[in-house]
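K.L.:
So you can see what is in the structure, the chains are spelled out below.
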Amino acid sequence: MRRVLSIWLPQLPLDLRYRKDDPRVAECFAIISEIKNAWRLTHLSEGAMTAGLSAGLSLPDARAICPDLMTEPSDPVREAALLRALWRWADSLSPWIALDAPDGLFLDITGCAHLFGGEQAMAAHTRERLTDMQITSRIGIADTKGAAWALARFGQSDIKIAGAGKTVAALAPLPLEALRLPQKLSSDMRRTGLKRVGQLMEIKRAELARRFGLSLTQSLSSCLGHSPDPVSPKAADPIYAARMTLPDPIGLQADLLGVLERLSISVCKRLAGDAKGARRYYLTVRCVDTGDHVLHIGFARPTHEQRAVLQQFAKPLDELKIEFGADWFRLEAAHVEPIQPFQISLDQHKQAEDDTSKIISTLGNRLGFDRVRQFMPMQSHLPEREFIHVEAMDRREPVSWTAAPRKRPVRLFKRPERLVTLEAGRPPKRFQWRQSVYATQEAKGPERLTAEWWHSDFGSVRDYWQVQTEDGPRLWLMTYPGTTEPDWFIAGRFA
Amino acid sequence: MSVVEIINRRDVGTLASFTLQAREELCLSEPVRLAKGRVHEAMGDSADMFAVLTASRLSGPIIWIGLAREIGSLAPTALQDFINPARIILTEGVSRSEVLWAAEQALRATCAQCVVIELSSGPNLRESRRLQIAAEEGGGIGIILIHGRAHTSACETRWQCEASNAGENAWVWSLTKNRKGELGAWRVHWANSETSGGAYEAGVIHLAAATAA
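Those protein sequence lines, which keep their order, are chains A and B.
The first sequence begins at 11 in the working numbering and counts up one residue at a time.
The second sequence begins at 897 in the working numbering and counts up one residue at a time.
This is chain B alone, in the form it adopts within the complex (with noise of 0.2 Å):
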């Protein structure tokens, strides 16, 4: 992946001359990288954490928007070696058009860096190309958890997220998809850094390339 010219989103006059422009990007680890202002899927059992980590690397409040089910599930606890869980504004829908209009509205409030969407199913083209242009407005990470199937999306990219048996934070992450580069897969290892007092600082995501997830 090339260095990208990182460019500030108020200075772009149409969103044509936008999406021709190179784009800022998020670093999770090298070489992985996702795209802001943009919105990307993540399947699998450890999707939560692939979310989690990626809202580790911003500031800025969370917005987690799901249903009923989904919102009350998650639990603050373990979280908290990750993010603070004062950041999560947790945000609960009754359908599923609802939870795509809240998300909608998030990715388009410029506060909002990082925003995750449960989604029983994966949105199809017209709702992602939504969300994408909401996301592009407010130039946050947007990152839909499909529980079930995905489908064909307008999505940046596609993660496989999956538990690594390696140990207690270790996961395998596959792209699966990606719209503008190439397909990988990553072993990931979390090592917390080391801060002291409450005081949350992002940790180490260490990265080393796998065959196949």
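Okay, chain A solo, but in the shape it has when bound (with noise of 0.2 Å):
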């Protein structure tokens, strides 16, 4: 049997400022968020408590309430960094841990209890640890994820343990909210009279389900431990960066390079290390006087040569204004993928695909990588929506390409562009555009196009001619149909 322990922090936003030594903790302060459009607060400190306030009131109720009150709306990121620190951390107590996101971990302590001297101690000595690290927690430990995840949180001591194979006893005083259900399902079923989990025990699973839906089947069977609800590890991602710290400011364009020389040997040998590349690398420079510079470049396909880092950061550290030095760097690693190594001097095809990535990273780092694009085909019959423009970047698989079942200009304009009949006709028999005067020598059509409806601006029935003209292009003319003076628009010109 499995054996969970689900460690809820309840505190974690106030703990976060606590161990910041944030003087308002200790006094009337609550952390706000945004929901539903409305500023509710959501962790509140003992002297808001105790001023009368509670959680998820609004926030003018509640400055009506208490005047004093101070808040500060939520940090999810840094929330979220405190928590994988602890993430971390809890690999003293089990090898086996999950993230239990926004404000929880759990760990799978099958077969780790007893090197704690048990469970009961195992918890306590978990708390301890939390405590001197200045974290609110309670723990639950049950047989399954669901149920220590209910008695962390719903249980009446802050440490609540199931014994082995007590799951439905340790459930049955808990309140319905213990399930995990969404908001909705646990009031309509409050309604019913439903308020502990003992009670759904006594009623068959199939009128259960029949009546509020699988997905409270599903969650009640996963506490009980008879659908595998298995604590499943996330690996985090590591970090790719390095930072460097000076004791005095520089600012000559040769020893921002020496720096970044430095830090991009760390990075990329970390990354090939891992046979890892990075699509785009993130320069932090602190000055002294204007604070942090990001600088980024980007590449085509994951690098991890330190050649063409510093190759490319040359143009951004150059334009970068610095007048009185900076002392701290962070180069950073973003998009981190795998790479397959290959043998350079062999591989010939492998070579010239590489050059190809190399001139698209470079062309895209100073135009920027929307300016650098390809050719997709799309599923559509209208000669402007057969294809799109993707970066150049992102496409990573060959696209082919079906044969074109009419023939098209080489340059289609994007808007047709207007011409001036001279001689009416259909096509016109003499016409003017762009300043210059064409006589229709032959003219093939019409091809009828209809508008694609499903879509939002579809426009009209369009009436297309190809029309060789004398001695001159071959052009693509269109028109409206159904209208008594038409109108004629260059679409396109043909090779």
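Treat the hints as calculated values from the structure; they're not laboratory data.
From a predicted model like this one, the values you see are computed outputs, not experimental measurements.
Every residue gets a Cβ at the ideal spot worked out from N, C-alpha and C, and that includes glycine.
Check the hints yourself; a few may be wrong.
Cβ-Cβ distance ranges computed for the label pairs, FRET-style [said to hold, decoys possible]:
1) Ala-285/A <-> Lys-1073/B: 45 to 55 Å
2) Lys-1073/B <-> Lys-424/A: 25 to 35 Å
3) Glu-427/A <-> Arg-1025/B: 56 to 66 Å
4) His-1102/B <-> Gly-492/A: 39 to 49 Å
5) Arg-425/A <-> Glu-921/B: 33 to 43 Å
6) Ile-45/A <-> Arg-992/B: 47 to 57 Å
7) Arg-992/B <-> Trp-49/A: 51 to 61 Å
8) Lys-424/A <-> Glu-921/B: 36 to 46 Å
9) Lys-1073/B <-> Glu-427/A: 27 to 37 Å
10) His-1102/B <-> Arg-436/A: 54 to 64 Å
11) Arg-436/A <-> Gly-1063/B: 41 to 51 Å
12) Glu-427/A <-> Gly-1063/B: 20 to 30 Å
Residues from chain A shown here face chain B by an in silico Cβ test under 8 Å; the list is partial [what the hints assert, rightly or not]:
13) Met-59
14) Thr-60
15) Val-382
16) Gly-482
17) Ala-505
Using the hints, build the complex out of the two chains.
P.N.:
Next up, the structure:
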């Protein structure tokens, strides 16, 4: 039988401030966050509790009750970082740990508890260690993840343990919310008079499923261990970054490149060791007077080549204006992907491909990656929707083009250009376009294309004509049929 | 045109000795040859097709550089008769100087055998010489599509390309400037090669001498 320990950190955002010696936490203080367009209190300090506030209260109401209330919006990024740090710390308790965002951890402690002298001792040890770190916690231990979760949050004491095989008895007195049901479902059940988990056990499963849906029975059976719900440890993505702090600020280009070289060696070496490459690199330069400047470069394919990183950063670093110098640097690799190592000298095809991605990177870093594109075929019969542009950097697999069913011009004008009809006809016998006069020698058409009605801006039906002009280009003329005095447009130019 | 000795670019030590040597050439179809490691100019209504047909004889990516208007109007559906549209890398510059910068970078890259540059008016001596030097380094062919007027430039050849009224896939190319050879005019006809299954193989270019364009 598996044993699962669930740690709940009810005051994580407050603990975060407390650990930073924020004096407000000792007073009337609350963390707020925007829920459904209203600022609501989510975590309250001791002082705020005694003032009569409660979680879930809207900020104006809370201010009315307690005018001295100090608040701060929640900071999910920092809270997640703290939880992540705790997740790494929990490695000392069990090797099998899962994050339970935003405020909890799951530990599979099967076969671990005896190392701490039993489950009770282990839970007490865990709480003690967390308290040392100034973090409030509640712990539940049970056979399943769901049950441990419920005991940590809804158990009467800070440490609640359901012995092996005693899950049903431990869950019975808990309220329905302990099953981690959607808000609407649990309020629906409350209206029918169901308040405790124990009441559900007396009802047949099939009836519950028929009345409240399968999600209820599923969460019930996973809580009771009838269906598997294992703790799946999520491996942390390693952070590939390096930073450097200097005793004195530097500002010369050569010095900056020297720092960047050292940072990039460290980052690229680690990436290469893991057979990974990054598509983006961020360099933070902290100037003593103007603060942080973040420079970034991109690559068409993931790379860990230190020379390429240096080369691409040369230009943004050159453009950076440093007056009084910078003394803190951090290089971070982002969009990290695994890369396949290959032998450079023997594989010529690979070499050419590599050169191509190098030129894409060079062009993209200067012009912007949205300006270096490739064609991608689309399913449509309208000439302007037959293809799209995609960023060359994003395209990884080769695409195949099916043969065009009809002849299309090489130049297709996104917005058809209106022409001046000099001699009427269908299509016009003589017309003027872009300050030149053309005479129709031969015309093929019409090719009628109906609009795509399933698009919101589907436009109207169009007629296209292929026109061979006398001693001139082959043009693609377009008109909207059904009008008495049709306007003619040039939609494109054939080769 | 005499038979040229084909040399490997890497064997050449310096630029000076390179320019004195015979060059690698690309044969579009006898007798039209385009020098590699050089920049060529194409003008006229069918200049696009001159670039596309040249690219169909070369392998590797085609870097097509221009302003947003020109890049946006290029349609791959028509191009797939001649080349695989997936080969094309579109590069959009916001100004002439950006287009020229991108062109230089692309010409320098050894992987890009064919670089197409669209300019509203022809490059001047200074601009074309820079492109020329970049092309010599990379060894590919640069084709400048000039939409307006051409100027005196250091480019190797200048072609005036017009559609022919002889039918589809027929053009008239006239060579109006050639630094190392004779001028001439040709009626060009493209015949699709007999391939199937989406394999892109260069079709045949038929040339017939024309008296004048």
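K.L.:
Now, for every hint given, state plainly whether the structure supports it.
P.N.:
Do the hints match the structure? See the list:
Checked against the hint of 45 to 55 Å, the pair Ala-285/A and Lys-1073/B passes, with Cβ atoms roughly 53 Å apart. Checked against the hint of 25 to 35 Å, the C-beta distance between Lys-1073/B and Lys-424/A comes to roughly 33 Å, which is consistent with it. Here the CB-CB span from Glu-427/A to Arg-1025/B is close to 36 Å, at odds with the stated 56 to 66 Å. Checking the proposed 39 to 49 Å range against His-1102/B and Gly-492/A shows it holds: the Cβ atoms sit about 43 Å from each other.
Taken as a hint, the range 33 to 43 Å holds for the pair Arg-425/A and Glu-921/B, whose Cβ atoms sit roughly 41 Å apart. One distance hint, 47 to 57 Å for the beta-carbon pair Ile-45/A and Arg-992/B, holds here, with the actual separation near 53 Å. Separated by about 52 Å at the C-beta atoms, Arg-992/B and Trp-49/A satisfy the suggested range of 51 to 61 Å. Range check, Lys-424/A to Glu-921/B: about 38 Å between beta-carbon atoms, so the 36 to 46 Å window is met.
The hinted range of 27 to 37 Å is satisfied by Lys-1073/B and Glu-427/A, whose Cβ atoms lie roughly 31 Å apart. A beta carbon spacing of about 35 Å between His-1102/B and Arg-436/A contradicts the range 54 to 64 Å that was offered as a hint. Taking the beta carbon of each, Arg-436/A and Gly-1063/B are about 23 Å apart, not inside 41 to 51 Å as hinted. Between Glu-427/A and Gly-1063/B the Cβ separation comes to about 25 Å, which falls inside the hinted range of 20 to 30 Å.
The restraint placing Met-59/A at the interface with chain B is violated, with a minimum CB-CB distance near 59 Å, outside the 8 Å limit. A distance limit of 8 Å between C-beta atoms decides the matter here; for Thr-60/A the minimum to chain B is near 62 Å, and the interface restraint is violated. Interface hint status for Val-382/A: upheld, as the beta-carbon distance to the closest one in chain B is roughly 5 Å, under 8 Å. A cut of 8 Å between beta carbons decides the hint on Gly-482/A: the least distance to chain B is about 7 Å, and the hint holds.
Interface hint status for Ala-505/A: upheld, as the beta-carbon distance to the closest one in chain B is roughly 4 Å, under 8 Å.
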